[in-house]
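Asker: For reference, the chains in residue letters:
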Amino acid sequence: MRSKTVDRLLKSTPKDVEIFVDWYADLVVRINQLLRENDISKKELAEKMDKKPSEISKWLSGEHNFTLRSLAKLSAELGEPLMEVPKKKVQTEFIEDGFMCRVHTFVSYTKLDTKTSGKVWQFAEETEPYNELSNAG
Amino acid sequence: MNIFALEIWYDEGSICTFYTVRWDTDDDDAESETDRFFDTYAVPEHPLEEKAIQLFRLITESIGNRYGASNDFFDRIVNKAQELPPKPKQWVEEIKDLGINFPLRLFCYRVTENIVILFNGGIKESQATQDSKNLSMKFYEAQTFVKKIEEALQSEMIEISDDGRYLKNFDGTTDIIL
Numbered sequence: 004m005r006s007k008t009v010d011r012l013l014k015s016t017p018k019d020v021e022i023f024v025d026w027y028a029d030l031v032v033r034i035n036q037l038l039r040e041n042d043i044s045k046k047e048l049a050e051k052m053d054k055k056p057s058e059i060s061k062w063l064s065g066e067h068n069f070t071l072r073s074l075a076k077l078s079a080e081l082g083e084p085l086m087e088v089p090k091k092k093v094q095t096e097f098i099e100d101g102f103m104c105r106v107h108t109f110v111s112y113t114k115l116d117t118k119t120s121g122k123v124w125q126f127a128e129e130t131e132p133y134n135e136l137s138n139a140g
Numbered sequence: 009m010n011i012f013a014l015e016i017w018y019d020e021g022s023i024c025t026f027y028t029v030r031w032d033t034d035d036d037d038a039e040s041e042t043d044r045f046f047d048t049y050a051v052p053e054h055p056l057e058e059k060a061i062q063l064f065r066l067i068t069e070s071i072g073n074r075y076g077a078s079n080d081f082f083d084r085i086v087n088k089a090q091e092l093p094p095k096p097k098q099w100v101e102e103i104k105d106l107g108i109n110f111p112l113r114l115f116c117y118r119v120t121e122n123i124v125i126l127f128n129g130g131i132k133e134s135q136a137t138q139d140s141k142n143l144s145m146k147f148y149e150a151q152t153f154v155k156k157i158e159e160a161l162q163s164e165m166i167e168i169s170d171d172g173r174y175l176k177n178f179d180g181t182t183d184i185i186l
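Chains as they are written, first to last, in this note's numbering: chain A, 4 to 140; chain B, 9 to 186.
Pulled out of the complex, with its shape left as it was, chain B reads as follows:
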C-alpha cells in the first residue's frame, strides 16, 4: 500500500504555505518529492541549475511572499486519461514557466491561494507533458497524490486551519499521512 506524508516544505513567506509529499518508507532520511526535484536540477554543474533556481525563487518569493497562488502563476493540466470535466480542483497543475522555452516543469496542487502542495517534476522535452518520457511518470504520480489529497479534503479527513495557511487532520493534529 503506497502511503505518503504531507509535510510543510516552505512556510516563511507572508502569503502562501507550500507543502510537499514524502513516500512513507522505513528510511527516516527519505527526501520529499520536491527536494528530489531541486536536488536533481538545482545543483552545481547541472546545465539547468540556473533555471531550477529561478523556479525556486518564483515559488518562495513571488508566490510565497508577494502574490500568493494566483492564476498568474499556474497552468492547468486537465487529466484527460480520466476524461474529467473540469470539476473544481480535480486537476494537476504546474508552476508556470519563466522565459522562452523554460525547460522544467514542477507539478503541484493548489488547495487555495494560500496553500499549495508541490510534487516532483522534470524536463519538458515535447509539447505534450505525457509525451515527455522524463515528465510523464512524474505527472501520473502527481495525479495519484492529487486523487488521495482531494478525497481526504472532501471527506474532511484533513481540513484547512482557521488562519487559512495550514492543513491539519480532523482532530487538529498536523502529522498528515494519506
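For reference, chain A alone in the conformation it holds in the complex:
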C-alpha cells in the first residue's frame, strides 16, 4: 500500500519539475556512459575542455547547472549527441494498402489584413498561399 505522502507527491508534482529532473538525470547518465564507453577519464576530459578537473566533477555529480553552451562543448568533445530536439511530431501512423501513412498536426499562421478588427476565423483555402509559417505541433 502506497503511503499518503507518496500518493500526495505523485499527484502534486508539477509537470515542468518532472521534465527538468528527467532531463537532468538523463544527461548525467548519458555523459557518464559516454565517458565509460570511450574510456575517457574526468582528467582527460578536463584537459580537452581546458577546464579544471573540479569543474568537470561538478558537472558529472550534478552540482553544476548545465547550460546550452556547456552541453554543446561536452557534446563536441565526446563526439556524440547528448540531447535531441524532435523536429516533427508524428501524431497518427497507420498502414493502408502497403503504404505507411503519417498524419501530422500543423499550426499555420498567415498574415491577414491588419485593418480587420478582433479575431476572425477563416478557412485556410481562402488565404494567400504564400507568406505562411508552419509549425509541427
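No lab work stands behind these hints, which were simulated from the structure alone. Backbone N, C-alpha and C fix where the C-beta goes; we use that ideal spot for every residue, glycine too.
Between beta-carbon pairs, the in silico distance windows are:
#1 B:G180 with A:F97: 47 to 53 Å
#2 A:K18 with B:G172: 29 to 35 Å
#3 B:Y174 with A:K76: 42 to 48 Å
On the provided structure of chain A, position chain B as indicated by the hints.
Answerer: Leaving out everything else, chain B in the frame of chain A:
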C-alpha cells in the same frame, strides 16, 4: 530497545524498489522516516518545497523507473567515526543532488541496484555532513539503521527475493522487524 520495521515505500517503478524504516511504537499511525522527510520539506510554503519535489521525482522516476540505483545517482559517505575501511556495503549513502548547491540530503542504503532503503535527511548547511546540525542527527540515526540491516543480511535473517526486487524474512514472510 529500539526496534524498527522495514517497509515498502515505493515499488511501482519498473526497476527499483524503495523501502523505508519506521520506528516500532505504540502509535499505529506513526510515519516512516522517509515520509517525515518529505512531509517536512515537500509542503506548500516551505522554501525548499520545489527542491524536495525534485528529489522525489529523481527517486521515483529516474532511479525507480528508468535506471535503477546505479552509481550515477549516489554519493558514498564513509563512516569515519568507526574508521571503517570501505568494506562492501558498510556505509551510508545519500541520493545525489540536483543543480548548484542542492540544499537537501536524503540518506539511504543501497542493498542492490534494484533495492534501496531510504531513511530521513535534512538541510545541508556546511561542507561536512557531520557539521550540519540539522543533518548530523539524521546521519548517525541512518548509521544505526544500516548497521542493523547489514547484520540481518549477513546473518541471513533477511534475504532478497528470487526476482531481486524485494526483501523477505528467512521464512519467506514479509513483515520485517529489526
